Amino acid sequence: MTAALHAKTPAPGGALAVETVGMTMRFGGFTALDDVSIRIAPGTLHALLGENGAGKSTLVKCMMGFYHASSGQLMVAGREAPVADPRQAHALGLGMVYQHFTLVPSLTAAENLVISREDAPRVIDWRRETAALEEFMARMPFRVPLGQPVSALAAGEKQKLEILKQLYLGRRFLILDEPTSVLTPDEADEVLGHVKALCSAGEITVLMITHKFREVTAFADDVSVLRRGRLVGQGRVADLSHARMAAMMMGEATLPAPAARHGTPGEVVLAVEGAVAPDRSGLKEISVDDLKVRAGEIVGIAGISGNGQMEFMEMLTGQRALISGGMQVNGTPYHATRGEQRRLAIRTLPEEPLRNACAPRMSVAENIAFRSFDAKGAGGKGAPSSFWLNRRQMRKRGEALVAGFKVRTTSVDAPIAALSGGNVQRAVLARELSGDVDLLIISNPCFGLDFAAVSEIRTRIMAARNAGTAVLLMSEDLDEILELSDRVLVMSEGRIVYEVPAAEADIPTLGSHMGGHHMGGHA
Amino acid sequence: MSTDIGAWAVPVAILGGAIRVSTPFLFVSLGEVLTERSGRINLGLEGTLVFGAMSGYAVAYLSGSAWLGVLAAALAGTLFGLLHGLICSLPKVNDIAVGISLMLLGTGLAFFFGTAFVQPVAPHLPSIPLGWWSDIPQLQAALRVNVLFLIGIVLALLLAWMLKTTRVGLILRVVGDSTDAARAMGLRPNLIRIAATATGGAFAGVGGAYLSLFYPGSWSEGISSGQGLMAVALVIFARWDPIKAFWAALLFGGAGALGPALQSVGIAKGYYLYYAAPYVLTLGVLIATSSPNRATTGAPGELSITK
Numbered sequence: 458m459t460a461a462l463h464a465k466t467p468a469p470g471g472a473l474a475v476e477t478v479g480m481t482m483r484f485g486g487f488t489a490l491d492d493v494s495i496r497i498a499p500g501t502l503h504a505l506l507g508e509n510g511a512g513k514s515t516l517v518k519c520m521m522g523f524y525h526a527s528s529g530q531l532m533v534a535g536r537e538a539p540v541a542d543p544r545q546a547h548a549l550g551l552g553m554v555y556q557h558f559t560l561v562p563s564l565t566a567a568e569n570l571v572i573s574r575e576d577a578p579r580v581i582d583w584r585r586e587t588a589a590l591e592e593f594m595a596r597m598p599f600r601v602p603l604g605q606p607v608s609a610l611a612a613g614e615k616q617k618l619e620i621l622k623q624l625y626l627g628r629r630f631l632i633l634d635e636p637t638s639v640l641t642p643d644e645a646d647e648v649l650g651h652v653k654a655l656c657s658a659g660e661i662t663v664l665m666i667t668h669k670f671r672e673v674t675a676f677a678d679d680v681s682v683l684r685r686g687r688l689v690g691q692g693r694v695a696d697l698s699h700a701r702m703a704a705m706m707m708g709e710a711t712l713p714a715p716a717a718r719h720g721t722p723g724e725v726v727l728a729v730e731g732a733v734a735p736d737r738s739g740l741k742e743i744s745v746d747d748l749k750v751r752a753g754e755i756v757g758i759a760g761i762s763g764n765g766q767m768e769f770m771e772m773l774t775g776q777r778a779l780i781s782g783g784m785q786v787n788g789t790p791y792h793a794t795r796g797e798q799r800r801l802a803i804r805t806l807p808e809e810p811l812r813n814a815c816a817p818r819m820s821v822a823e824n825i826a827f828r829s830f831d832a833k834g835a836g837g838k839g840a841p842s843s844f845w846l847n848r849r850q851m852r853k854r855g856e857a858l859v860a861g862f863k864v865r866t867t868s869v870d871a872p873i874a875a876l877s878g879g880n881v882q883r884a885v886l887a888r889e890l891s892g893d894v895d896l897l898i899i900s901n902p903c904f905g906l907d908f909a910a911v912s913e914i915r916t917r918i919m920a921a922r923n924a925g926t927a928v929l930l931m932s933e934d935l936d937e938i939l940e941l942s943d944r945v946l947v948m949s950e951g952r953i954v955y956e957v958p959a960a961e962a963d964i965p966t967l968g969s970h971m972g973g974h975h976m977g978g979h980a
Numbered sequence: 004m005s006t007d008i009g010a011w012a013v014p015v016a017i018l019g020g021a022i023r024v025s026t027p028f029l030f031v032s033l034g035e036v037l038t039e040r041s042g043r044i045n046l047g048l049e050g051t052l053v054f055g056a057m058s059g060y061a062v063a064y065l066s067g068s069a070w071l072g073v074l075a076a077a078l079a080g081t082l083f084g085l086l087h088g089l090i091c092s093l094p095k096v097n098d099i100a101v102g103i104s105l106m107l108l109g110t111g112l113a114f115f116f117g118t119a120f121v122q123p124v125a126p127h128l129p130s131i132p133l134g135w136w137s138d139i140p141q142l143q144a145a146l147r148v149n150v151l152f153l154i155g156i157v158l159a160l161l162l163a164w165m166l167k168t169t170r171v172g173l174i175l176r177v178v179g180d181s182t183d184a185a186r187a188m189g190l191r192p193n194l195i196r197i198a199a200t201a202t203g204g205a206f207a208g209v210g211g212a213y214l215s216l217f218y219p220g221s222w223s224e225g226i227s228s229g230q231g232l233m234a235v236a237l238v239i240f241a242r243w244d245p246i247k248a249f250w251a252a253l254l255f256g257g258a259g260a261l262g263p264a265l266q267s268v269g270i271a272k273g274y275y276l277y278y279a280a281p282y283v284l285t286l287g288v289l290i291a292t293s294s295p296n297r298a299t300t301g302a303p304g305e306l307s308i309t310k
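Chains as they are written, first to last, in the working numbering: chain A, 458 to 980; chain B, 4 to 310.
Hints were generated in silico from the structure; no laboratory data involved. Treat the hints with care, as some may be off.
To be verified - DSSO-like, lysine-lysine: derived pairs with alpha carbons at most 30 Å apart:
#1 A:Lys-622 / A:Lys-518
#2 B:Lys-167 / A:Lys-622
#3 A:Lys-863 / A:Lys-833
#4 B:Lys-95 / A:Lys-518
The structure presented is a predicted model; accordingly, all values stated were derived computationally and were not measured.
All chains, full assembly: derive it from the sequences and hints.
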């Protein structure tokens with residue numbers, strides 16, 4: 458009926474002005490949010506910066522009615538607006554796009570949109586709905602294919618669909634929670650460009666939670682910075698430098714200097730020759746022609762995410778079968794089996810360790826024991842295998858490593874899935890970095906960790922290198938690559954396209970290779 | 004009695020057999036499609052089928068009406084589905100384990116209450132002679148189509164339409180694919196799953212009534228040869244699609260009719276081997292549609308086997 462049309466046309470007035478006044482949230486004795494007042498002018502893109510645990514999520518959850526603020530209030534369009542639950546927030550025209558997709562994967566884009574509407578009809582007249590959706594899409598600055606199941610869409614398209622869904626539902630104030638965390642830089646720029654255009658056109662107001670300064674500078678009008686639950690800085694983006702924003706975010710804390718580097722590279726430990734495997738889509742190939750990592754050096758592989766690093770990591774960890782070619786470690790063929798990894802002292806830290814390197818429901822102690830539970834002693838090189846589990850020793854070892862790597866957990870008996878992302882990362886690193894390690898293969902080791910943890914983990918990696926471990930480091934963080942590596946390689950479109958000693962690397966050249974502008978003979 | 008139609012007897016017998024044998028497959032698999040689309044697996048449908056066969060036969064005998072028997076079977080199936088749905092809504096309950104125990108409970112109860120009905124003869128369900136245009140008796144026999152088979156076809160179409168174009172259908176798919184998304188929409192996944200499992204149970208109960216009230220057409224402890232379990236495999240083969248489930252049921256029915264069909268033309272060698280055709284087909288289908296690298300396409304995301 459007309460209700461369907463009503464839901465799609467933004468109510469007159471377009472973008473909403475939203476303001477928090479003295480928003481405070483206490484959880485027991487802990488103050489997560491302390492007297493935060495932010496005004497978001499209509500039609501602007503407002504960035505909310507802050508480290509993990511700074512109170513950004515708490516603030517937006519209070520605004521959306523997931524939490525009830527201990528004190529303070531929300532003003533919408535200049536009027537006091539009590540929000541008891543998300544439904545009320547929706548009714549006011551507030552909407553939120555979560556960090557992880559909330560679309561239903563097997564439904565098509567059109568089905569997702571229609572069913573998200575509260576007044577979805579009992580029997581859906583698809584011809585009319587499709588026409589209405591096409592008409593809606595035509596008014597939008599970007600579009601997504603309506604007839605395909607969401608699972609077939611790329612991450613960028615899913616994110617666009619999430620935003621479109623909010624607009625379709627008539628929301629005029631959007632909270633975007635790290636909207637680009639799952640996107641490639643190109644996709645991120647495209648999506649944020651469209652969001653910015655919608656703001657400028659006066660259709661919506663946006664509050665965007667982010668970590669990335671670049672996005673703030675490129676797209677946001679204003680910025681607010683939270684630290685430990687307090688609003689510590691605010692201003693127009695045009696007036697602020699990256700350094701100033703970083704200083705606000707981190708406070709007085711200074712980063713420890715990178716760990717010292719000593720010793721010279723020794724023998725070749727890892728040699729990859731002509732290794733070919735299918736990529737995620739199965740349509741293209743990942744092909745690493747010649748890669749060598751020597752003892753006592755860190756080889757960094759830089760690249761924009763989605764250019765084959767994940768697949769290469771899976772080849773090295775045994776999660777992806779090779780079509781041709783091979784890998785050698787210390788001169789012996791390596792097929793990434795557990796036995797070989799133990800014999801050759803190879804350790805790996807894949808990305809998303811909870812999914813790729815843990816049994817989520819097993820305890821922290823058990824997860825830490827994965828490398829050594831069936832070996833006598835600490836499970837080092839050549840340790841004889843043992844039939845019986847030594848629970849006491851597993852626990853003791855777990856406790857020692859949890860303490861040593863500052864893993865925050867209620868106990869070593871807690872399931873590892875209950876830990877926060879950073880702590881899972883630390884627990885897996887504790888497992889992988891203990892004992893003798895000849896070859897360490899790591900991917901994005903500091904992803905999602907706070908500054909202190911980052912420098913600690915980098916120090917540990919450098920210490921391993923100095924002790925003679927060969928390290929292969931894949932990271933999307935170019936600064937991390939440049940800080941740690943002895944040699945830098947660039948991976949683009951499934952191939953190694955560039956190599957340079959770290960001392961001679963310059964960012965513009967690396968960047969152009971990462972972007973796919975290779976000067977060599979690679980297509 | 005029979006005209007000699009030579010080797011044609013085999014395909015005609017398979018066709019007739021497919022239609023006759025496929026009906027319970029069809030009902031059970033449609034019920035299972037419904038249940039699995041909501042994100043639960045009900046392995047107990049074999050028990051529901053047998054109990055449906057017994058209760059349908061008993062009520063038909065006592066009331067003198069085959070249709071009342073079908074109704075009773077549907078009701079019994081609903082109760083079994085409801086039980087499964089409710090138990091699985093408790094925290095930390097595994098739907099597969101509950102399904103297996105309900106399967107045993109269903110067959111056990113059916114045998115217990117059914118001993119009194121092994122001897123009596125209940126009225127049969129009517130069938131429609133769709134082969135009137137032919138004067139070949141074998142073809143006429145093959146095309147004696149039971150009303151329930153036709154109802155099954157209508158139900159398959161209805162179910163496909165429902166999943167695609169109604170709010171209930173979309174909600175069912177949302178719940179089956181992503182509990183989080185369903186919760187975010189303000190839906191109550193457990194309630195929807197209980198309803199879907201109960202309805203699925205009713206379908207399976209009707210499938211059972213077909214067994215005892217039409218083909219083979221009497222109640223005995225050996226009435227089911229595992230149709231309830233094979234239907235679950237069939238759902239995977241049909242990719243959770245009601246229309247494909249219909250064709251798959253026909254295929255399985257045809258395979259089940261292979262043995263008798265060959266026997267009717269005098270091929271008795273390897274007789275038991277042909278009777279194993281549906282089971283071999285189940286195995287073959289599962290192997291052929293499996294893949295070591297990816298999850299089954301079209302599988303509802305919340306199914307415990309695909310998670």
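Does the structure break any of the earlier hints, and which numbers would those be? none
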